[in-house]
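S.K.: Whole structure, please, built from the sequences with the hints as guidance.
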Amino acid sequence: VPGLVLMENAGRGATDVLVRELLEGDAAGARVAVVCGPGNNGGDGLVVARHLAARGAFVDVFLAGEPARVSGDARANLDAWRGLGGAVHALASAGDLTKLAQSIASADAVVDALFGTGLDRPIEGHHAAVIGVIDDGEAPCLAVDLPSGLDADTGGVLGVAVHALVTATFAHPKLGLLTPRGAQLAGSVHVVDLGIPAEIPAHVGASAQRLSADDLALWLAPRAPGVHKTGAGHVGIVAGSPGKIGAPQLVARGAMRAGAGLATIVTWPDAATSIEGHVLEVMTARLDPSRLPASVDAALAGKHAVVVGPGLGLDAAARAVVEHVLASFGGPVVVDADALSMFAGRPDALRSARRAIVTPHPGELARLLGSTPGAVEGDRFGAARAIVSASGAVVVLKGAHTIVAAPDGRIAVSPIACPALATAGSGDVLGGIVGALACHLAPFDAACAGVLLHGLAGESWVRTHGGADRGLLASEIADALPSRPGA
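Letter 465 of the sequence shown, counting from 1, is numbered 960 in our numbering, and no numbers are missing.
Treat the hints with caution; some may be incorrect.
Using 25 angstroms as the maximum straight-line C-alpha spacing, the simulated DMTMM-like pairs for lysine to aspartate or glutamate come out as follows [what the hints assert, rightly or not]:
id : residue 1 : residue 2
1  : 893       : 974
2  : 724       : 971
3  : 893       : 954
4  : 893       : 874
5  : 893       : 648
6  : 724       : 776
Restraint ranges, calculated between C-beta atoms of paired labels, are given here [as the list claims (entries may be wrong)]:
id : residue 1 : residue 2 : range
7  : 825       : 693       : 53 to 61 angstroms
8  : 849       : 712       : 27 to 35 angstroms
9  : 500       : 825       : 52 to 60 angstroms
Since the hints were made in silico from the structure, they are not lab data.
Glycine included, each C-beta is placed from N, C-alpha and C at the ideal position.
M.R.: As structure tokens, this is what we get:
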């Protein structure tokens, strides 16, 4: 597909997004400042300027670079803009930045077309100052392809980055947009079709699969009328300790709401006594400190999947329980919370489990890798690949746009970034959901389906509470789980 065609499609599609999302559907009479870089991202911005002018908008075009250095397809669109009588204001000095600030101050919208996916070094100096002017202005910003300064692959910030309200990205989402930092910088993301033939991505491959609610139909098949509770799946939950009896109950609630027919909490005797006064549908089994391996085996006999770790403790006895579960249980094991902390700096020890699904948040993953939470968040996809390589497990890296990675190289990413899910016990419920699904699905599929259901439940709660972004209780996540695909 010729580059000029791709650039034209990109700019026209970005204009459609801009008008629909920021100009109330009508560009006529609107004032827009378009800030272009010298490369192809700037060329896309020049197409946006031309289409806006054709729709009756008043457009100021600014170029952060020497016009003489613009080349290729971007040059063709610079010449086209000038050929229509459009002016280009070079941003070469502090005085030029003042003009940009004045234009943005009177604008209905500003377009960030400075840098795109090819940026590979930190933005500094004059270009950083240009971004500062864009961010300091009150006009809502549309980013072209991705906010300038955002690393397209990692979601890290290369020096400084534009804070956009809307991003029009091209052909497919970029990995960097599907990270907590990327989501914060990009605002609402809209994918623009470039007219690339559908067989091209299938031929060249994809970095990751973005999960969709439509995928649930592949994993959650209707049950046969004669299914019984054992056939629906029995989840063992090795979790809890005195003072931490809520975690195993939340795991169990998540498992039962996700379709498990049975759930048994396996815990220390004192904790079991306390839990038994709170649960109705869930069974309990006691660990025997004097004969831990045997009591673990007896409690997990007949279970289809196990969730181990939440609230279990970090002492020697808890460590012995976790290590025995991983080494002896033949089915899928969801490893979370305290169980993950036991493997800090030695993720290779997780290989003792035959079918492990580990579910760390960034802090836990950092401890596993001997890294820092900042480093993990700076390259979430790289960190997920690293822990998969070290542990041999399916990995669920929790957070906005949760990542699921498998030893065979598959990576899936959730489309959901729901701040209401930032609540105590949210991860416990997720562990239970994944455990229930792992009774019948392969570990990677169970993790993907569980992450998606968990996120959809959070979004459902937000809708029913007037768009609230806080106040969700973990038990309400379980209760809000969709009862069927598409619900």
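S.K.: Hint by hint, note whether the structure agrees.
M.R.: Checked hints:
1. 893 - 974: holds (20 angstroms)
2. 724 - 971: holds (23 angstroms)
3. 893 - 954: Measuring from Cα to Cα gives roughly 16 angstroms; hence the hint holds.
4. 893 - 874: holds (13 angstroms)
5. 893 - 648: Roughly 18 angstroms separates the two Cα atoms, so the pair holds.
6. 724 - 776: Holds - the C-alpha atoms of residue 776 and residue 724 are around 12 angstroms apart, at most 25 angstroms.
7. 825 - 693: 53 to 61 angstroms: violated (42 angstroms)
8. 849 - 712: 27 to 35 angstroms: Given a distance of about 29 angstroms, which is inside 27 to 35 angstroms, the answer is holds.
9. 500 - 825: 52 to 60 angstroms: Distance hint for residue 500, residue 825 holds at roughly 55 angstroms.
The structure is inconsistent with hint 7 alone, although it conforms to all the rest.
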